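Colleague: One letter stands for each residue in the lines below.
Number of protein chains: 2
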Amino acid sequence: MSASTATSEVTHIVNAFADAWNRHDMEEFAELFAADAEFVNVVGLWWKGRAQIRQAHEHTHATMFRNSRLTILETTVRFPSPQFAIARSHWRLEGHETPEGQALPPRTGLLANVLVSTGGAWTIIDSQNTDIVEGALSRPQQADGQHQGDVS
Amino acid sequence: MSASTATSEVTHIVNAFADAWNRHDMEEFAELFAADAEFVNVVGLWWKGRAQIRQAHEHTHATMFRNSRLTILETTVRFPSPQFAIARSHWRLEGHETPEGQALPPRTGLLANVLVSTGGAWTIIDSQNTDIVEGALSRPQQADGQHQGDVS
Numbered sequence: 444m445s446a447s448t449a450t451s452e453v454t455h456i457v458n459a460f461a462d463a464w465n466r467h468d469m470e471e472f473a474e475l476f477a478a479d480a481e482f483v484n485v486v487g488l489w490w491k492g493r494a495q496i497r498q499a500h501e502h503t504h505a506t507m508f509r510n511s512r513l514t515i516l517e518t519t520v521r522f523p524s525p526q527f528a529i530a531r532s533h534w535r536l537e538g539h540e541t542p543e544g545q546a547l548p549p550r551t552g553l554l555a556n557v558l559v560s561t562g563g564a565w566t567i568i569d570s571q572n573t574d575i576v577e578g579a580l581s582r583p584q585q586a587d588g589q590h591q592g593d594v595s
Numbered sequence: 444m445s446a447s448t449a450t451s452e453v454t455h456i457v458n459a460f461a462d463a464w465n466r467h468d469m470e471e472f473a474e475l476f477a478a479d480a481e482f483v484n485v486v487g488l489w490w491k492g493r494a495q496i497r498q499a500h501e502h503t504h505a506t507m508f509r510n511s512r513l514t515i516l517e518t519t520v521r522f523p524s525p526q527f528a529i530a531r532s533h534w535r536l537e538g539h540e541t542p543e544g545q546a547l548p549p550r551t552g553l554l555a556n557v558l559v560s561t562g563g564a565w566t567i568i569d570s571q572n573t574d575i576v577e578g579a580l581s582r583p584q585q586a587d588g589q590h591q592g593d594v595s
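Same order as they appear, the protein sequences are chains Y and Z.
FYI, the numbering for the first sequence is 444 to 595, going by this note's numbering.
FYI, the numbering for the second sequence is 444 to 595, going by this note's numbering.
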């Protein structure tokens with residue numbers, strides 16, 4: 444398989460992640476992951492296994508993410524070996540809400556996916572997501588332990 | 444090599460990450476990474492290549508992290524193949540400061556490292572770091588675009 448074909452295949456999986464997210468189809472979303480995949484979200488919640496990944500996203504997509512739209516802005520893919528891929532995607536989320544249903548402004552971040560190719564198909568074995576905080580070198584904190592109000 | 448030996452070797456590299464951090468020896472820190480490694484920090488800064496990783500950490504360890512101490516609380520390691528490892532470490536950082544030199548409270552997070560074994564030695568080829576925000580399902584935001592002050 445050519446490198447460009449493999450890149451297309453991996454990028455397709457990452458785009459399928461966003462497609463399933465935007466249809467709030469968590470069954471299809473979960474099928475992108477290996478049974479023993481792990482997922483760390485933007486606040487450090489750590490889900491272990493496809494079932495936990497599905498359950499967590501079913502919960503958030505019934506609440507804060509029920510009207511959200513995830514856009515993959517760009518994905519870069521590296522292949523440390525032909526069977527392994529590290530994909531990193533710059534994303535934008537909009538339409539999400541507070542737990543009380545109030546609209547929230549868009550946010551962006553970087554999603555790292557590690558994928559393995561078995562039998563010609565790529566599966567996500569690990570995901571870790573990090574929000575982009577513009578204008579900061581590290582997480583804005585205040586000396587009293589509160590987050591700063593404005594980080595721009 | 445037994446799985447437990449490999450786990451020990453990978454865990455040793457992650458602990459060496461913290462040891463170099465705590466001695467603020469960024470030359471030694473950078474040597475843990477492959478020349479083309481990538482690193483995403485907790486606010487989504489994305490460094491590409493060992494030289495960028497070193498330069499960025501030299502800057503922060505001359506300023507906000509100059510007196511910081513990083514503790515690896517626990518590392519779990521998976522081996523999708525004998526040559527690849529995904530290590531995820533729960534860490535605690537203390538002694539860091541604002542850009543103005545004011546002490547900040549400890550924070551914790553999850554660091555994902557992807558490592559490859561070449562010639563018997565493990566090298567980090569990818570790192571992504573995420574802060575743990577206690578009590579949140581997703582990043583605390585307010586409808587006006589400000590971060591919430593209190594997330595606990």
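Bear in mind the hints are in silico, worked out from the structure with no lab data behind them.
None of the values given here were measured: they were computed from a predicted structure.
A portion of the hints provided could be inaccurate.
If we take Cβ atoms under 10 Å as the criterion, some of the chain Y residues that face chain Z in the derived model are [unchecked claim]:
1. Leu516
2. Gln585
3. Ala586
What the simulated footprint calls covered on chain Z by chain Y, stretch by stretch (three residues with Cβ under 8 Å from a Cβ of chain Y suffice, anywhere in the stretch; the number is not a length) [said to hold, decoys possible]:
4. 450-463
5. 469-475
6. 537-549
7. 552-560
The beta carbon of each residue, even a glycine, is placed where N, CA and C say it ideally should be.
Colleague: Look at each hint and say if it fits the structure.
Modeller: Right, here's what the structure says about each hint:
| no. | hint | verdict |
| --- | --- | --- |
| 1 | Leu516 | violated (13 Å) |
| 2 | Gln585 | holds (8 Å) |
| 3 | Ala586 | holds (5 Å) |
| 4 | 450-463 | violated (count 0) |
| 5 | 469-475 | violated (count 0) |
| 6 | 537-549 | holds (count 7) |
| 7 | 552-560 | holds (count 5) |
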